[in-house]
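Participant: Each chain, letter by letter, is given below.
2 protein chains.
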Amino acid sequence: MNELLIVGSVALDSIETPEGVVENALGGAATYGATAASLYGPVNLVGVVGEDFPAEHVEFLSGRNIDLAGLQTIIGGKTFRWKGDYLEDLNAAVTHETQLGVFEHFEPNLPDRYRDADYVFLANINPSLQLAVLEQVRAPKFVLCDTMNLWINIAREDVLKVFEKVDIAVLNDGEAKMLMEEHSIIRAGRKMLKTGPKYIIIKKGEHGALLFSGDGADNEIFSCPTFPIETVVDPTGAGDSFAGGFMGHIARTGDLSLENLRRAVVYGTVTASNTVQDFSLGALKKVTPELIEERYQVVKGMVKF
Amino acid sequence: MNELLIVGSVALDSIETPEGVVENALGGAATYGATAASLYGPVNLVGVVGEDFPAEHVEFLSGRNIDLAGLQTIIGGKTFRWKGDYLEDLNAAVTHETQLGVFEHFEPNLPDRYRDADYVFLANINPSLQLAVLEQVRAPKFVLCDTMNLWINIAREDVLKVFEKVDIAVLNDGEAKMLMEEHSIIRAGRKMLKTGPKYIIIKKGEHGALLFSGDGADNEIFSCPTFPIETVVDPTGAGDSFAGGFMGHIARTGDLSLENLRRAVVYGTVTASNTVQDFSLGALKKVTPELIEERYQVVKGMVKF
Numbered sequence: 001m002n003e004l005l006i007v008g009s010v011a012l013d014s015i016e017t018p019e020g021v022v023e024n025a026l027g028g029a030a031t032y033g034a035t036a037a038s039l040y041g042p043v044n045l046v047g048v049v050g051e052d053f054p055a056e057h058v059e060f061l062s063g064r065n066i067d068l069a070g071l072q073t074i075i076g077g078k079t080f081r082w083k084g085d086y087l088e089d090l091n092a093a094v095t096h097e098t099q100l101g102v103f104e105h106f107e108p109n110l111p112d113r114y115r116d117a118d119y120v121f122l123a124n125i126n127p128s129l130q131l132a133v134l135e136q137v138r139a140p141k142f143v144l145c146d147t148m149n150l151w152i153n154i155a156r157e158d159v160l161k162v163f164e165k166v167d168i169a170v171l172n173d174g175e176a177k178m179l180m181e182e183h184s185i186i187r188a189g190r191k192m193l194k195t196g197p198k199y200i201i202i203k204k205g206e207h208g209a210l211l212f213s214g215d216g217a218d219n220e221i222f223s224c225p226t227f228p229i230e231t232v233v234d235p236t237g238a239g240d241s242f243a244g245g246f247m248g249h250i251a252r253t254g255d256l257s258l259e260n261l262r263r264a265v266v267y268g269t270v271t272a273s274n275t276v277q278d279f280s281l282g283a284l285k286k287v288t289p290e291l292i293e294e295r296y297q298v299v300k301g302m303v304k305f
Numbered sequence: 001m002n003e004l005l006i007v008g009s010v011a012l013d014s015i016e017t018p019e020g021v022v023e024n025a026l027g028g029a030a031t032y033g034a035t036a037a038s039l040y041g042p043v044n045l046v047g048v049v050g051e052d053f054p055a056e057h058v059e060f061l062s063g064r065n066i067d068l069a070g071l072q073t074i075i076g077g078k079t080f081r082w083k084g085d086y087l088e089d090l091n092a093a094v095t096h097e098t099q100l101g102v103f104e105h106f107e108p109n110l111p112d113r114y115r116d117a118d119y120v121f122l123a124n125i126n127p128s129l130q131l132a133v134l135e136q137v138r139a140p141k142f143v144l145c146d147t148m149n150l151w152i153n154i155a156r157e158d159v160l161k162v163f164e165k166v167d168i169a170v171l172n173d174g175e176a177k178m179l180m181e182e183h184s185i186i187r188a189g190r191k192m193l194k195t196g197p198k199y200i201i202i203k204k205g206e207h208g209a210l211l212f213s214g215d216g217a218d219n220e221i222f223s224c225p226t227f228p229i230e231t232v233v234d235p236t237g238a239g240d241s242f243a244g245g246f247m248g249h250i251a252r253t254g255d256l257s258l259e260n261l262r263r264a265v266v267y268g269t270v271t272a273s274n275t276v277q278d279f280s281l282g283a284l285k286k287v288t289p290e291l292i293e294e295r296y297q298v299v300k301g302m303v304k305f
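Chains A and B, in that order, give the protein sequences.
Our numbering applies: residue 1 is where the first sequence begins, and numbers increase by one.
Our numbering applies: residue 1 is where the second sequence begins, and numbers increase by one.
Just so you know, the hints here were simulated from the structure itself, not pulled from any lab data.
Just so you know, not all the hints are guaranteed correct.
Pairs involving identical chains hold if they fit within one copy or between any two copies, as the list cannot separate such chains.
Unchecked claim - Under the rule of at most 25 Å between Cα atoms (straight-line distance), these lysine-lysine pairs were calculated in the DSS-like manner:
#1 K177 / K285
#2 K198 / K177
#3 K300 / K141
#4 K191 / K300
#5 K304 / K198
#6 K83 / K285
#7 K286 / K191
#8 K78 / K141
#9 K304 / K191
#10 K191 / K78
#11 K78 / K194
#12 K194 / K177
#13 K161 / K83
#14 K141 / K286
#15 K285 / K141
#16 K285 / K165
#17 K161 / K177
#18 K300 / K165
#19 K161 / K286
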């Protein structure tokens, strides 16, 4: 059994989109990533919450193939909270408030049995914490990292240190252009392949995702469309679900061939296509492996010529 | 021999992009469409120019399998001129000046031998002129129309009258959303299928194109990526080249199956990928059928999983 190790934020989100509002809903990169990945196999989660973290969320996660031995609860601490909206643009959140809470002094400390992880998903947190996790993992076979514009702005060197140690980096198009200081997605992707990771994925929201391999030549780019969604209710966690689905498929198959990485991109895409159809984990928690497989086949048909 | 009938603008463009400037360069929707389509087979062009239209442009077009019996030259008239830039956004031109010239009183009058056309490409012109052309064509097998935001704004009813009479309509994402008053591309595409055309193509610039068929169900959408281009020199005419390549492939094969329409979308895409690599017709005029086929195979590889 290949357990997937996921480290990242566990949060309570307050979000407004054109489709509605939620307050203090379960969120966080590791939460979305782990819930998505648990559709594919067992997950070991590393993160931190405060004493205020509702018991029902713990029950939900542990009821889904997600081991929480690595989830620290800080007595007297407050869970990380994020408040934002997508009223102007569904592809770009406007942050109203960020309360780091227990995340401010978080030191990831992996339970010993997590340290033999073969597959590691470093979800979006401070790159110095991503590095601290990697130091504790003995001999991983395949490591994926995500990041965000905040870290590219204030900790670019650390982001690039993480890149040197991972097999694959996943960014959205804006982040990729920002990190590589390029206007072209294609150029940014090719340039990123020279910073360390063997593979780069650039997520383009409703326009799908690109997987760059080799030295990024024309025939070394895989283009995956999104599954067609008419109404995006809440885009929060789509990128985390994408990476969670991607790594979930990699861990369950143990197959690191480029062909299987392409299939993993499609699994990531269809997993994320569910996430955006409701607020918080609302849609993702209802998804079955059968629905994932159905949407996978639709995407296969969408690109056939 | 299936001659493709193309009607639209022939123009002289003055354009500035981040890559440079051109003045009074050969342009126009019918020019790009015909030059692109001529890579696939013979074209009959219907349009109008003024006495100022350089002889070298006439020589260029007629030297490429493009019949100009339908190109009127108005003595004493001035050729349509457009001036604009793409300095802010390569996906959206800012118009500085439009001189309609001979286009103001253009009445398309088809040479009799053009009226038996099986395949018709109504490139971007006033929809009332597109309708006037269709009235002269006896029994077309397959008609494609393009349009633009200007006509959607000032002649929406006429645009929809054209839609009732064509087999396929091609719009970019912004135009599709505007015409259907929808925020979602998927919803706009599905809604447009109810306005007349059996097929709808929504072009998404660097993100590729979607072909909607049937009633636009999930499995009735074809998604085609773009061929990867690092540096877009001048996006002018990309959409016209796309439609020209699409219809060129349809006319040369005479195959109206959905499978062949999908292949035509890919041919349109790779044809347009050349257009943007230089100003005016600079890159497109150098393209060979071998290069088209090479890029077609690259796109095939890009979506394989």
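Participant: Each hint needs a verdict: does it hold in this structure or not?
Facilitator: Okay, the hints, checked on the actual structure:
{"no.": "1", "hint": "K177 / K285", "result": "neither (33 Å within a copy, 32 Å between copies)"}
{"no.": "2", "hint": "K198 / K177", "result": "within (18 Å within a copy, 39 Å between copies)"}
{"no.": "3", "hint": "K300 / K141", "result": "neither (28 Å within a copy, 30 Å between copies)"}
{"no.": "4", "hint": "K191 / K300", "result": "between (29 Å within a copy, 24 Å between copies)"}
{"no.": "5", "hint": "K304 / K198", "result": "between (27 Å within a copy, 20 Å between copies)"}
{"no.": "6", "hint": "K83 / K285", "result": "within (22 Å within a copy, 53 Å between copies)"}
{"no.": "7", "hint": "K286 / K191", "result": "neither (39 Å within a copy, 29 Å between copies)"}
{"no.": "8", "hint": "K78 / K141", "result": "neither (35 Å within a copy, 68 Å between copies)"}
{"no.": "9", "hint": "K304 / K191", "result": "between (30 Å within a copy, 23 Å between copies)"}
{"no.": "10", "hint": "K191 / K78", "result": "neither (40 Å within a copy, 48 Å between copies)"}
{"no.": "11", "hint": "K78 / K194", "result": "neither (40 Å within a copy, 53 Å between copies)"}
{"no.": "12", "hint": "K194 / K177", "result": "within (15 Å within a copy, 39 Å between copies)"}
{"no.": "13", "hint": "K161 / K83", "result": "neither (30 Å within a copy, 47 Å between copies)"}
{"no.": "14", "hint": "K141 / K286", "result": "neither (31 Å within a copy, 47 Å between copies)"}
{"no.": "15", "hint": "K285 / K141", "result": "neither (29 Å within a copy, 49 Å between copies)"}
{"no.": "16", "hint": "K285 / K165", "result": "neither (32 Å within a copy, 46 Å between copies)"}
{"no.": "17", "hint": "K161 / K177", "result": "within (18 Å within a copy, 43 Å between copies)"}
{"no.": "18", "hint": "K300 / K165", "result": "neither (32 Å within a copy, 32 Å between copies)"}
{"no.": "19", "hint": "K161 / K286", "result": "neither (37 Å within a copy, 44 Å between copies)"}
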